[in-house]
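Peer 1: Sequence:
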Amino acid sequence: MTVRMMLFSTVDAAREQEFEAAFGKARERVATMPGHIRDELLRLDDAAGSYVLISEWEKREQFTAWLESPAHDSMTAEMRPFFLRPSEMRFYSLRVPSPRG
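First residue of the sequence shown: 1, per the working numbering; consecutive thereafter.
No lab work stands behind these hints, which were simulated from the structure alone. Just to be clear, a hint being listed does not mean it is correct.
Unchecked claim - Each pair of labels, with its calculated beta carbon distance range: (1) E68 <-> R100: 17 to 25 Å; (2) P34 <-> A14: 35 to 43 Å; (3) D45 <-> A65: 30 to 38 Å.
Even glycine gets a Cβ: it sits at the ideal position worked out from N, Cα and C.
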């Protein structure tokens, strides 16, 4: 089963549009990595600047290899200036897939 990394983050609320654009660019680059399936960005409706980045991978080891590689820093560099504090990373394993696939 696949693994999903969820990154709980806070960014400068006045710069949300810039952050979302930076995420879009980073997402295109990350999509080229082996084992990567998809990324999503969620914003908490009632808390400006609060986001959850979701990255789905075939295996946790593939995500970890990318995270520890020099490619990670270059692929995500545009996003880092927006974070106001360290983000919290959590991993979830898919147990019951969506019936839509």
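Peer 1: Starting from the hint 35 to 43 Å, judge whether the C-beta atoms of P34 and A14 obey it.
Peer 2: 37 Å, holds
Peer 1: Okay, E68 versus R100 on CB: inside 17 to 25 Å?
Peer 2: Roughly 33 Å apart at Cβ, these two residues miss the hinted range, so it is violated.
Peer 1: Is 30 to 38 Å respected by the C-beta to C-beta distance linking D45 and A65?
Peer 2: Hint holds: Cβ distance 34 Å, inside 30 to 38 Å.
Violated hint for the displayed structure: number 1, the only one.
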